[in-house]
Amino acid sequence: MLKDRSLGEPDWLSECRRDAMVNFEELGFPTQHDEDWKYTNLTAVSTKEHVIAEVPNQKLAIDDINSVGFEEVDAHQVIFLNGRLIPELSCLEESSLEVGNLLNGQNNHLVLEHFAKQTDTVGNSLAALNTAFFGDGIFIHVPDRVIEKKPIHLVFVTIAEQVDQFTHPRTLLIAGQDSQATVIESFVGMGEEPYWTNTVTEIVAAENARIQHYKLQQEHVKAHHTGFLFVDQARNSNVTSHSLSFGGRLVRSDAHVRLGGEGCECTLNGLYAVMGDQHVDHHTTIEHAQPHCKSNQLYRGVLDGRSKGVFNGKIIVRQDAQQTDAVQSNKNLLLSRKAEINTKPQLEIDANDVRCTHGATIGQIDEEAVFYLRSRGIQSEEARSLLTYAFVADILENLQVDGWHEPLEEMLFDWVQQAQVE
Amino acid sequence: MLEVRNLSVRADGKDILNGINLSIHRGEVHAIMGPNGSGKSTLAQVLAGREGYEITDGEVAYEGENLFDLDPEERAQAGIFLAFQYPVEIPGVSNLYFLRAALNAIRKTKGQDPMDAIDFLELAKKKMANLEMDSTMIERSVNAGFSGGEKKRNEIFQMSILEPKLAILDETDSGLDIDALKLVSHGVNKLRDPDRAMVVVTHYQRLLNYIVPDFVHVLAGGHIVKSGDKNLALELEEKGYGWIEEAEPTK
Ligand SMILES: Nc1ncnc2c1ncn2[C@@H]1O[C@H](COP(=O)(O)OP(=O)(O)OP(=O)(O)O)[C@@H](O)[C@H]1O
Ligand SMILES: [Mg+2]
Chain P
1 MLKDRSLGEP DWLSECRRDA MVNFEELGFP TQHDEDWKYT NLTAVSTKEH VIAEVPNQKL
61 AIDDINSVGF EEVDAHQVIF LNGRLIPELS CLEESSLEVG NLLNGQNNHL VLEHFAKQTD
121 TVGNSLAALN TAFFGDGIFI HVPDRVIEKK PIHLVFVTIA EQVDQFTHPR TLLIAGQDSQ
181 ATVIESFVGM GEEPYWTNTV TEIVAAENAR IQHYKLQQEH VKAHHTGFLF VDQARNSNVT
241 SHSLSFGGRL VRSDAHVRLG GEGCECTLNG LYAVMGDQHV DHHTTIEHAQ PHCKSNQLYR
301 GVLDGRSKGV FNGKIIVRQD AQQTDAVQSN KNLLLSRKAE INTKPQLEID ANDVRCTHGA
361 TIGQIDEEAV FYLRSRGIQS EEARSLLTYA FVADILENLQ VDGWHEPLEE MLFDWVQQAQ
421 VE
Chain C
1 MLEVRNLSVR ADGKDILNGI NLSIHRGEVH AIMGPNGSGK STLAQVLAGR EGYEITDGEV
61 AYEGENLFDL DPEERAQAGI FLAFQYPVEI PGVSNLYFLR AALNAIRKTK GQDPMDAIDF
121 LELAKKKMAN LEMDSTMIER SVNAGFSGGE KKRNEIFQMS ILEPKLAILD ETDSGLDIDA
181 LKLVSHGVNK LRDPDRAMVV VTHYQRLLNY IVPDFVHVLA GGHIVKSGDK NLALELEEKG
241 YGWIEEAEPT K
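As you go down the protein sequences, you meet chains P and C in turn.
So in our numbering, spot 72 of the first sequence is number 72, and the numbers just go up one at a time.
So in our numbering, spot 41 of the second sequence is number 41, and the numbers just go up one at a time.
Only chain P is shown next, with the shape it has when bound in the complex:
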């Protein structure tokens, strides 16, 4: 199905690609027989003959980019279109970061050292597929002690002019000792045809680095999106990743975090709002490998129509990881009787001095609260949207990107209104 991409590429890369392809062929597409894919049926993806996306005929102007907050957030912007970097629309000059195209990774020892190291170990066939087929990928290095205040906004745009094209966005973020940076990855889709985005992000956080990562998923409603985030944290580092998932027909978003040094802190937050036939699946794995680490997970979902949601949060505490503090919570609001959610915590604990808490709730709108609001004069529909909005907007409190709050609030507000009229 796939033609070889590695022709003419440097050795290190074609080697990576070859290994990844072998890996993929061995593993194959995940099926619902795999425990981790029990509720997410990928046949809509795996049975199609996908072709690597071509550069579209349609020109992309900066004003066409419609990811929420793109305009409002002051950021270093890097724009990709159908898997290709668009230098004219990107600007990175004044930053103190080292940024480059992964395809030229041979020039950088950090790329050679870290690229695909995390994806290799977990037996993830789709991540391997990404390694085999990514086009332009981005490499960001935050040097030691550099504090970059301005977020880096990577926007991956798909314009689907042909049917069943796929792209494999790829990001490698290396944060040096005591460095700080914020990275936003936005995925947006235009065009009429179904397409598939299969993305991989690798983050390596050195000692005492502080990284904020945001993934905003607003693919086209006919799109399939599979995304894999890998985080490797060294001592005292602090990584936060938010997954904001609104678009796509079939969406899978995974996060694998390894807390590999003492005193690490990791926060994974998620918000999904889906309706119609949408399907959104979040799987997280946090591995506490060392003592005194903290992890925090807060996922909220609101589901309308016949949409389906999945949340699976795995916490692994290795034998040495004493004094682990791991908290996980997943709350869901079902707005329609046909919407569905499968939520499951999974704990594998081999240490004895740990604090792990988890909780999952599935609920409808609180009718008591609706009556309370109505009894004060607020219209029934307004009461319902206010309560729905309050449920999801909670997550926005944790976002720390200037200028993003308001457009996201507006977008959620519109979402709630739309869910209601449906």
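FYI, nobody ran anything at the bench for these hints, they're computed from the structure.
Keep in mind that this is a model prediction, so the values were computed, not measured.
Cβ atoms here follow ideal geometry from the backbone N, Cα and C, with glycine treated the same way.
A portion of the hints provided could be inaccurate.
List of simulated lysine to aspartate or glutamate pairs, EDC-like, C-alpha gap at most 20 angstroms [to be verified]:
| no. | chain 1 | residue 1 | chain 2 | residue 2 |
| --- | --- | --- | --- | --- |
| 1 | P | Lys-48 | P | Glu-26 |
| 2 | P | Lys-338 | P | Asp-366 |
| 3 | C | Lys-165 | C | Asp-71 |
| 4 | C | Lys-108 | P | Asp-366 |
| 5 | C | Lys-108 | P | Glu-382 |
| 6 | P | Lys-294 | P | Asp-178 |
Far from chain P by the CB rule (all over 12 angstroms, computed), these chain C residues [stated by the list, open to error]:
| no. | residue |
| --- | --- |
| 7 | Glu-73 |
| 8 | Arg-107 |
| 9 | Phe-120 |
| 10 | Leu-123 |
| 11 | Asp-193 |
| 12 | Asp-195 |
| 13 | Tyr-204 |
| 14 | Tyr-210 |
Computed Cβ-Cβ distance ranges for the label pairs, DEER-style [as the list claims (entries may be wrong)]:
| no. | chain 1 | residue 1 | chain 2 | residue 2 | range |
| --- | --- | --- | --- | --- | --- |
| 15 | C | Asp-15 | P | Gln-364 | 24 to 32 angstroms |
| 16 | P | Glu-406 | C | Asp-179 | 38 to 46 angstroms |
| 17 | P | Asp-366 | C | Gly-64 | 33 to 41 angstroms |
| 18 | P | Asp-366 | C | Asp-195 | 28 to 36 angstroms |
Use these hints to put chain C with the ligands onto chain P, whose structure you have.
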């Protein structure tokens, strides 16, 4: 202002109110007392428009209109206010947003312009100060994490902002210490007005020392079994409900 005639109410197949008669005029304060489970809150909630109750008999007229033709929000807009026995917690919705939305919904039906955020905040702070409420409470989510007493005060605060025509206070005194009770009573008394009526549901005569009622009714087994003036409350305090429960419903 409010005419309740032979009101009978059922929920989950159980008859809770069995022919209530009550006539409330402008400027009056009515106290309703009665043992636990006698139907006081049910009456209050039915008047506010809560769903899940079946009206099996009788009628209620509010300002000459059939009350049951109105949705809960329409009743609020028409001036009915219920201070809940158990105020609901609403995480994520700030008191400020909620109460301004409520006030503006009510102002709209009166043909008044909406109040802007700045004016509203000023009004709210003034009213909160009267009730000695911490002004940071306005930013907090509605009742979320409030103590029992704070929730009750918040109800009265809302009432003082919304300035209803008919206020029904369901056990607003429960859970208040004596200082808070005085403050809340003071807040209620400030709203006493020849144009406004109040129904005060309570178990304790103590409250009625502060909010002196014009009428006292005793509800038992879904009937009003006795009505009188404020002395009835004193008598009840002395003799308990047993003395009255066997009595015939008043017509
Ligand atoms: N929705 C309902 N379904 C079934 N039973 C109900 C419902 N609401 C109230 N009841 C019952 O009706 C009776 C009256 O309840 P209500 O809450 O009105 O009493 P109350 O007089 O307010 O009591 P208290 O003094 O304890 O507040 C109780 O036995 C209660 O359990
Ligand atoms: Mg009661």
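**Hints not upheld, ascending by number** = 4, 7 and 8
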